[in-house]
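Asker: I would like the entire structure built from these sequences, with the hints used as guidance.
Residues are numbered in my numbering as their position in the sequence shown, beginning at 1, plus a constant of 440.
Don't take every hint at face value.
Cβ pair distances, simulated, as ranges [unchecked claim]:
no. : residue 1 : residue 2 : range
1   : Y702      : D474      : 42 to 52 Å
2   : G690      : A760      : 24 to 34 Å
3   : K535      : R761      : 43 to 53 Å
4   : T637      : F754      : 19 to 29 Å
5   : C536      : A654      : 34 to 44 Å
6   : C536      : G653      : 22 to 32 Å
7   : G697      : K501      : 12 to 22 Å
Taking lysine to any residue and the SDA-like style, the derived pairs with C-alpha atoms no more than 25 Å apart in a straight line are [as the list claims (entries may be wrong)]:
no. : residue 1 : residue 2
8   : K582      : A486
9   : K550      : G653
10  : K582      : F640
11  : K501      : P757
12  : K512      : K743
13  : K504      : L643
14  : K743      : G774
15  : K535      : H517
16  : K582      : I696
17  : K664      : A531
18  : K504      : S729
19  : K550      : V705
20  : K512      : V705
21  : K550      : Q571
22  : K664      : P757
23  : K504      : R701
24  : K501      : M686
25  : K501      : I584
26  : K501      : L646
27  : K743      : V613
28  : K582      : D657
29  : K582      : C655
30  : K743      : Q508
31  : K504      : F493
32  : K582      : H544
33  : K664      : K743
34  : K743      : S729
35  : K501      : N477
FYI, nobody ran anything at the bench for these hints, they're computed from the structure.
Backbone N, C-alpha and C define an ideal beta-carbon position, used for all residues, glycine too.
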Amino acid sequence: MSASENRAVLGHQQEAVTVAVDEADVSFREKMADEANRTKLLFCAAGIFVCYFYYGILQEKITKGTYQDGDKVEQFHYSLSLVFIQCCINAIFAKCAITYFKEHDHTPHKLYALCSMSYLGAMLASNHALQHVTYPTQVLGKSIKPIPVMILGVLFAHKRYPWAKYFCVLLIVIGVALFMFKEQRSSTAEDAHVLGTGEFLLLVSLGLDGLTGACQDRMRSDHKTAANSMMYWMNMWSVCWSAVGMIITGEVFEFIGFASRYPYVLLHLVNFSLASALGQMFIFLTVTSFGPLTCSIVTTTRKFFTILGSVIIFQNPMSARQWIGTVFVFIGLGLDSAYGKEKKKR
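Answerer: Written out as structure tokens, the structure is:
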């Protein structure tokens, strides 16, 4: 074999080795990227689970717990004060994020002012409902957003949904009916009234959540409002509205007296608000990194385990029928996340 032929063979061999090394390097980088994505997803999911599990425990401990000072036994009835502290800490977190990401916002403040009213009202109604219903009922009630959204969409926006959406909502309706059946058969008029009040507040909260979502969609489409700016100004306006409400109703003075008798409640309120703010940041990170579908599946699963935790920790009794209803609701929510928007994607 001539020298030129030897050089050609060596050249081909070197090229083959180079290609093999490059392919192995690409494969290694892809594996590392997949591993990093899996680790990040587990981190985000764990953050959402831990933050909102702790959030749920503190919310139930604050709003449904008893506080004793000598022979005097009290309960926490200061929803405006709770939401005021929560919005303050949310605003601080959002301001830090705005500074870090250097966001610029041009959304008119009148939109924030109006939208924050429904945002604040939804939180107040949801927290106040806990004085009349169990925590699992509140979590389940807040999980049925697809029902009013679809009904309003059909009646007023003339929207058409895929059959999968109707099936998912039917599962949710059946699940809620099974869950609420025992409570609706309450033997005393007083209990029936209390449950009716709690359910009504949950419906109000759902309706206000829908208005808030519509307003936020309008801001994003018309003014390209960034998430952190929206979170900051929505919470800042909510701080203003709740402060006015606390002064007008006199709750601020009652809350100060309550906190002076039970100072440890302030630590619960701050931790509750921190868990809420951190949970929102994990949700935002999940949405931006993996999309809304993955986030929806994680948050839906989280709600189920929050209910389970409430039953175990706070001894909230649930019948077999209610557990079946809960499973129906979360199956419906999961299927809706996966298939309910299929036609939109097309």
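Asker: For each hint, tell me whether it holds in the structure or not.
Answerer: Hints and how they fare:
no.: 1; hint: Y702 x D474: 42 to 52 Å; result: holds, 50 Å
no.: 2; hint: G690 x A760: 24 to 34 Å; result: violated, 46 Å
no.: 3; hint: K535 x R761: 43 to 53 Å; result: holds, 47 Å
no.: 4; hint: T637 x F754: 19 to 29 Å; result: holds, 21 Å
no.: 5; hint: C536 x A654: 34 to 44 Å; result: violated, 28 Å
no.: 6; hint: C536 x G653: 22 to 32 Å; result: holds, 25 Å
no.: 7; hint: G697 x K501: 12 to 22 Å; result: holds, 20 Å
no.: 8; hint: K582 x A486; result: holds, 22 Å
no.: 9; hint: K550 x G653; result: holds, 16 Å
no.: 10; hint: K582 x F640; result: holds, 12 Å
no.: 11; hint: K501 x P757; result: holds, 16 Å
no.: 12; hint: K512 x K743; result: violated, 35 Å
no.: 13; hint: K504 x L643; result: holds, 20 Å
no.: 14; hint: K743 x G774; result: holds, 12 Å
no.: 15; hint: K535 x H517; result: violated, 29 Å
no.: 16; hint: K582 x I696; result: violated, 30 Å
no.: 17; hint: K664 x A531; result: holds, 20 Å
no.: 18; hint: K504 x S729; result: violated, 36 Å
no.: 19; hint: K550 x V705; result: violated, 34 Å
no.: 20; hint: K512 x V705; result: holds, 16 Å
no.: 21; hint: K550 x Q571; result: violated, 33 Å
no.: 22; hint: K664 x P757; result: violated, 46 Å
no.: 23; hint: K504 x R701; result: holds, 17 Å
no.: 24; hint: K501 x M686; result: holds, 22 Å
no.: 25; hint: K501 x I584; result: holds, 24 Å
no.: 26; hint: K501 x L646; result: holds, 23 Å
no.: 27; hint: K743 x V613; result: holds, 17 Å
no.: 28; hint: K582 x D657; result: holds, 20 Å
no.: 29; hint: K582 x C655; result: holds, 19 Å
no.: 30; hint: K743 x Q508; result: violated, 31 Å
no.: 31; hint: K504 x F493; result: holds, 16 Å
no.: 32; hint: K582 x H544; result: violated, 32 Å
no.: 33; hint: K664 x K743; result: violated, 30 Å
no.: 34; hint: K743 x S729; result: holds, 21 Å
no.: 35; hint: K501 x N477; result: violated, 36 Å
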